[in-house]
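**Student:** Sequence:
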Amino acid sequence: MDSAAVVVVVQVVNVVKGSAGNNELQIQIWPLPKDVSHGSSSNVVLSIPKDFHVSTKHDDVSGILRDAFSRLLSLIQLDHAVYPPTHFLNSSSSLLLGLNVVVSSIDQELRYGVDEWYKLSIPSPAHLGNPVYASLEAKTVYGALHGLQTFSQLCRFNVKTKTLEVHMVPWTIIDEPRFSYRGLLIDTSRHYLPLPVIKEVIDSMSYAKLNVLHWHIVDSQSFPLEIPSYPKLWNGAYSESERYTIEDAKEIIFAAMLKDEGLTYWLKSMSQDMLVHANGLNVRGIGYPSLWPSKTCQEPLDVSNEFTFKVISGILSDFRKIFKFKFVHLGGDEVNTSCWTTTPRINKWLREHGMNGSEAYEYFVLRAQNIALSYGYEIVNWEETFNNFGNRLSRKTVVHNWLGGGVAKKAVAAGLRCIVSNQDKWYLDHLDAEWQGFYSNEPLANITNPNQQKLVIGGEVCMWGEHIDASDIQQTIWPRAAAAAERLWTPYDKLAKDPKEVTGRLAHFSFTVSPAMPHHLVSSIAHRELTYSINCTYRGALPWNGWGGQPCPTQTMNQS
4 MDSAAVVVVV QVVNVVKGSA GNNELQIQIW PLPKDVSHGS SSNVVLSIPK
54 DFHVSTKHDD VSGILRDAFS RLLSLIQLDH AVYPPTHFLN SSSSLLLGLN
104 VVVSSIDQEL RYGVDEWYKL SIPSPAHLGN PVYASLEAKT VYGALHGLQT
154 FSQLCRFNVK TKTLEVHMVP WTIIDEPRFS YRGLLIDTSR HYLPLPVIKE
204 VIDSMSYAKL NVLHWHIVDS QSFPLEIPSY PKLWNGAYSE SERYTIEDAK
254 EIIFAAMLKD EGLTYWLKSM SQDMLVHANG LNVRGIGYPS LWPSKTCQEP
304 LDVSNEFTFK VISGILSDFR KIFKFKFVHL GGDEVNTSCW TTTPRINKWL
354 REHGMNGSEA YEYFVLRAQN IALSYGYEIV NWEETFNNFG NRLSRKTVVH
404 NWLGGGVAKK AVAAGLRCIV SNQDKWYLDH LDAEWQGFYS NEPLANITNP
454 NQQKLVIGGE VCMWGEHIDA SDIQQTIWPR AAAAAERLWT PYDKLAKDPK
504 EVTGRLAHFS FTVSPAMPHH LVSSIAHREL TYSINCTYRG ALPWNGWGGQ
554 PCPTQTMNQS
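For the sequence shown, the positions run 4 to 563 when the working numbering is used.
Worth flagging that the hints you see were computed from the coordinates, not collected in a lab. Treat each hint with caution, since some may be false.
Stated by the list, open to error - The calculated DSSO-like cross-link candidates involving lysine-lysine, where the alpha carbons are at most 27 angstroms apart (straight line), are:
1) 500 / 412
2) 497 / 142
3) 324 / 202
Can you build the whole structure from these sequences, using the hints too?
**Tutor:** In structure tokens form, the structure reads like this:
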């Protein structure tokens, strides 16, 4: 869904006592686990030696755990040169020699609804000075990945001894997510994002235990993806260098599979918005012009042309060979049917088939759904499809709520599943949407029936690309996306009723997840109140800037 440009933004960050910087006993794990117990004393410390190792007997055929172990060791030693702890051991410290990982299932297939449960145990030594090993149990490799991510957050650097340590032992953490769908949308149509940038986003998602990358690849501005069945489609890319080959897409999938670890993500849904954005299939008339209703009326796709549905089928067929995941996003939002009714050729076809514009909209959506179903997909559609003809949608439809409140309740009451992304709370391109609102946005608001609550499969924060590019996407996503991530992971009864209560913990987490963000800004979340006015989030000439061709205002940042 496109969003209106935000020109002037004010973000206010509140003060909270007990920040991450001045309360060593505060639990600093983000998102907060389901069940946590730990020692009451900070006097017993486990020091981590440089030869700390992670081991498993799991048959790691795809290398997921091996890759995760390597990244874990790099992560916990990221910011400092770590000294061997031997010379600093004292009567209150012992060595933590390693972490043993036990995974009960040999199945490593990444699928929607995979079991993400894990149990992490870090014992205290039987006698001070005795070395110990931590243990991590999980039913699947993906639960183990989350456990490794949590373990990394328990490791702290001691600036006095220059060693890595774990405090407040013993730790026992039993954890699993509240919602199975915890997504982040990125938009590579409005601004091309290089592969390394997408991989960085995937990596940072894992720290927050977000597990669905919704890749909005094409829209009316560009079509950067290679489609073997229709090779002219990617002629609609901004340039030859701003394209994604099939091999690129596979590389993103592999990167995602490696990192649903709190170190992994899942690329589960492809947003094609096939109905609305004909230009996405024929950008600037250099793809397949017959998909346009006319040269002067280019959106939506020509509902009267059988070639339209042949192209949709070809795209989905190619996708099925690459993307083995459950869902495909078929769009369906903001449809202007007047392009059909005012084009004489199409209007004649509508009359011959006894349809008006609204009925043609329904016909298009349902036909596209049937094509997707024939390839084994389950379908996600924007909420307008439900609002207009919800009782005729496939029962396999997931309604994607974005316009506001109340739709999720109606969708699940009708027996359909729902994803929540209401734009006033979870649109990251709305720079006036503060992190407190991201944290407080409840997907199950006003849904009291337990069976209907289960139909809300989760939520998604949306990073639309009109006004961001590779230079500022990470700073715009974080830390607000992390606030939503805790809402989607942590049990409802453990969530803070007042976001101020988690400010220090979020600030501490932000140092890990967003290294590109200036640390003095992150620190201020916990220590003082700042107000910023931001007039623009991008700089320079852009392929499409959303300002009607007007120059972008100068960016300013003022403290008050």
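**Student:** Which hint numbers does the structure go against, in order from smallest to largest?
**Tutor:** Violated hints: none at all, because every hint is consistent with the structure.
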